[in-house]
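Engineer: Residue 82 in my numbering sits at position 40 of the sequence shown, and the numbers go up by one each step.
Do not rely on the hints blindly, as some may be mistaken.
As the list claims (entries may be wrong) - Listed below are the simulated DSS-like cross-link pairs for lysine-lysine, each with C-alpha atoms no more than 30 Å apart in a straight line:
hint, residue 1, residue 2
1, Lys90, Lys194
2, Lys170, Lys53
3, Lys141, Lys69
4, Lys170, Lys141
5, Lys170, Lys194
6, Lys53, Lys90
7, Lys184, Lys53
8, Lys90, Lys141
9, Lys194, Lys141
10, Lys53, Lys141
11, Lys53, Lys69
12, Lys184, Lys170
13, Lys184, Lys194
14, Lys141, Lys184
15, Lys194, Lys69
16, Lys90, Lys184
In case anyone wonders, no lab produced these hints; they're calculated from the structure.
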Amino acid sequence: MVVFALFIISKAGGLIYNREFHSGLTKLTSNDYLMLAGSFHGMHAITKQLCPVPPVPANPASTAPSLAPSPFASRPSGLELLESTHFRMQCFQTLTGVKFLLFTEPQQPNIDSMIRRIYELYSDFVMKNPFYTVEMPIRCEKFDRGLDGFVKVRS
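Let's have the full structure, built from the sequences with the hints guiding it.
Structural biologist: Okay, structure coming up:
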């Protein structure tokens, strides 16, 4: 199975990291990558607004006090998956609003666990780096090496 690319988009919609692992996607210019990230950020925000609100379970017969609903249980998530015959794009949004886009083959298994592992690498090597400024482009060799080791084992 093949992992094509990884994009990390800041909560403001800027592309802060992009990396190609396999040459299966069309080559784009750096401006195209920035436009792609901004466009996805906008689509994600719109689809988050379109997400239906889940019904609240009503229990009027009960005299026991009801617990307050968790704010995380029914959060609208926005666009999470885009599939075509040639690639699959999976999005994982963190609680801070950073989005991880992973482009793989359509048949790639366990993409959710892959993105979560990439998020762990990001947390360990980027966010714990005292020289990294939030919302700025990621330039961290340990993160790059960690991604290489993880993705190449999967490919």
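Engineer: Each of the hints needs a verdict: does it hold here or not?
Structural biologist: Right, here's what the structure says about each hint:
1. Lys90 / Lys194: Cα-Cα ~33 Å, so violated.
2. Lys170 / Lys53: holds, 18 Å
3. Lys141 / Lys69: Status holds; Cα separation ~22 Å.
4. Lys170 / Lys141: holds, 18 Å
5. Lys170 / Lys194: holds, 24 Å
6. Lys53 / Lys90: holds, 14 Å
7. Lys184 / Lys53: holds, 23 Å
8. Lys90 / Lys141: holds, 13 Å
9. Lys194 / Lys141: holds, 22 Å
10. Lys53 / Lys141: holds, 7 Å
11. Lys53 / Lys69: It holds: about 25 Å lies between the C-alpha atoms, which stays within 30 Å.
12. Lys184 / Lys170: holds, 11 Å
13. Lys184 / Lys194: Measuring from Cα to Cα gives roughly 15 Å; hence the hint holds.
14. Lys141 / Lys184: Status holds; Cα separation ~20 Å.
15. Lys194 / Lys69: holds, 21 Å
16. Lys90 / Lys184: violated, 33 Å
Hints 1, 16, counting from the list given before, are not met by this structure.
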